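Starting from the known structure of chain V, arrange chain Z on it as the hints suggest.
Chains V and Z are the protein sequences, given in the same order. Using the numbering used here, the letters of the first sequence correspond one by one to residues 56 to 497. Using the numbering used here, the letters of the second sequence correspond one by one to residues 441 to 553.
Since the hints were derived computationally from the structure, they do not count as laboratory data. The reader is advised that the hints may include incorrect statements.
Within a straight-line C-alpha distance of at most 25 Å, the following computed SDA-like cross-link-like pairs (lysine to any residue) qualify [to be verified]:
| hint | chain 1 | residue 1 | chain 2 | residue 2 |
| --- | --- | --- | --- | --- |
| 1 | V | 211 | Z | 458 |
| 2 | Z | 510 | V | 117 |
| 3 | Z | 510 | V | 103 |
| 4 | Z | 466 | V | 196 |
| 5 | Z | 472 | V | 112 |
| 6 | Z | 472 | V | 109 |
| 7 | V | 211 | Z | 453 |
| 8 | Z | 472 | V | 314 |
| 9 | Z | 510 | Z | 498 |
| 10 | Z | 477 | V | 106 |
| 11 | V | 285 | V | 382 |
Keep in mind that this is a model prediction, so the values were computed, not measured.
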Amino acid sequence: MEPSDHLFRREAGRMVSALTRIFGVHNLALAEDVVQDAFCRALEVWRMRGVPDNPSAWLMATARNRALDILRRQRTANNFAPELGLVESEWTLAPVIHEILAADAIQDSMLRMMFSCCHPRLSEPAQVALILHILCGFSVDEISSAFTSSHAAIEKRIVRGRKVLSESKRLFDTAVPAEFSDRLPAVQRALYLLFNEGYRGASPETSVRLELCNEAIRLIAILLQHPLGKTPTTYALAALMALTAARLPARTDSSGNLIALFDQDRSLWDRARLNDGTRLLELSASGTELSGYHIEAAMASVHALAQCAEDTDWSAIISLYDSLMRIDPSPIVALNRAIAIAQRDGPDRGLDAVSAISNLDRLAGYPFHPATLGEFELRSGNCGRAREHFQIALARARNPMERHFFQQRLTACDRPNGRLATSELWEPNLEPSQVRDSVEEH
Amino acid sequence: MSEFVFLYRGGARDRSPEQMQQVVQKWTTWMKDLEAKGHLKDRGQPLERAGKVVHGKQKTVTDGPFAEAKDVVGGYTLIEATDLSEAVELSKDCPIFEVEGAVEVRPVMKLNM
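Just chain V, same shape as in the assembly (with noise of 0.2 Å):
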């Protein structure tokens, strides 16, 4: 039998989680060791006798009898986990660990890792990084080249990641509730981040990036598994994933160029997704929180529920951007809500909407500002203005992807006329939540 896809990768999440509550978190590179000396193992048996029809039970039962070997040949159950204290005779060792590594069990302990990489001391690239390390089994050279940063950054991170988490006592504890709603925003917000590096980041591999979206879906569906975890924001932000993500297949050519929305076929998008996102976004209504994952949902769906582009729903959007901006101001998102204003009362209004946005300096260097200012003037015909905007966007691109966008941009500027068939109508960002990162980094 073939291992299904990532099988590898996903159990060395689930592994490692489930061996730092036997080992204790501040054995978490014992946990990894064993975790790879079984998958040592398996390719050393497999590749020679092939898989074994349940290759996840054997790489479990491969990783719990090494894990007991440490554990008898210590002797000293203390120096691991505080769980374990407990554990005085071999009689009742092996009951214990037969537990921890039951398939509940696991979920409970990826939850309690999950919060634990989203440990306050670490800043939310490091958060996220750790998690698509220690949950998602990436490597450091696979995390650098799907976020497009140097080995040695995310090595940084990941460095320093492990050191707060070693001197943790013990994993987070998810049995406390005011603990764990202290924690689960940026447990949320790690995801979203997560789950954006996939939709937006900077990897030119289309499927790096579905595999992030895949990821963030994955986890996410964890925490929609605690009582605790289940909140309607965690809904909402699920149904945001979801409702994106089954945008995925129809937003990459087959040279992996974006397409923008507007450009999309949508009978590619995901049907399953799509009707999974409805659920969720409904589920989420069911308390009075609103979060701004609840209105980017909202949006989302609004798109979701358009048959084509023009059938979009543009007065919907605007008053879902102005509950952001009550929300969450921002410039982005105001610039945001320009372009919607410009799709529903066309590019002379949009114009407005942006020259009214207040510290509009924060956009410096942000490549979408002069885009967004470019798509307004080509709408309205002055090529040569739309053409100096997009020189801007295009000296402030910060990966291939947006230079090649803004340069497909330039070239639109060169019809005779400016006048543009509606599929060539580029919205550069209906989508706020990119830019929330980008603002950051000013």
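Leaving out everything else, chain Z in the frame of chain V:
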């Protein structure tokens, strides 16, 4: 047809989970291919990296073999091929070369008795 033993030596262990899974998948494909073409006499067995070495008249037992990691035999397979050069060609598709490993191709002695 003659028989040959492939001895698999070395192979880097410091791979990410994803890379290791890819290695396993490549081996599966390779073995299947050998089997489909009638070259696979016996899949063979993986071997533990270390055991004991017994030697000398005194039958001294030591831990070992302490070869360099790149030389340690990790398993063997029994192959059927027309001659040594075909067996060598067959070994060249082995995924072990992607992880800095080696294949030793040894003809099984033919006894004409």
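The hints, checked one at a time:
Annotation: proposed proximity of residue 211 of chain V to residue 458 of chain Z holds, straight-line Cα distance about 22 Å (limit 25 Å). Between the alpha carbons of residue 510 of chain Z and residue 117 of chain V the distance comes to roughly 24 Å, so the proposed pair stays at or under 25 Å and holds. A C-alpha spacing of about 18 Å is found between residue 510 of chain Z and residue 103 of chain V, which places the hinted pair at or below 25 Å, so the restraint holds. Taken as a hint, the residue 466 of chain Z and residue 196 of chain V pair is honoured in the structure, with Cα atoms around 21 Å apart against an allowance of 25 Å.
Under the criterion of a C-alpha separation no larger than 25 Å, the hint pairing residue 472 of chain Z with residue 112 of chain V is consistent with the structure, at around 24 Å. The hinted pair formed by residue 472 of chain Z and residue 109 of chain V meets the criterion: a straight-line CA distance of about 19 Å does not exceed 25 Å. The suggested pairing of residue 211 of chain V with residue 453 of chain Z holds, with an alpha-carbon distance near 23 Å, which does not exceed 25 Å. For the given pair, residue 472 of chain Z sits about 41 Å from residue 314 of chain V by alpha-carbon distance, which is inconsistent with the 25 Å threshold.
With a C-alpha separation of about 30 Å, the suggested pairing of residue 510 of chain Z with residue 498 of chain Z is violated against the 25 Å cut-off. The suggested pairing of residue 477 of chain Z with residue 106 of chain V holds, with an alpha-carbon distance near 20 Å, which does not exceed 25 Å. For the hint pairing residue 285 of chain V with residue 382 of chain V, the CA-to-CA distance comes to about 21 Å; that is within 25 Å, so the pair holds.
In summary, the structure is inconsistent with hints 8, 9 from the numbered list given earlier, while agreeing with the others.
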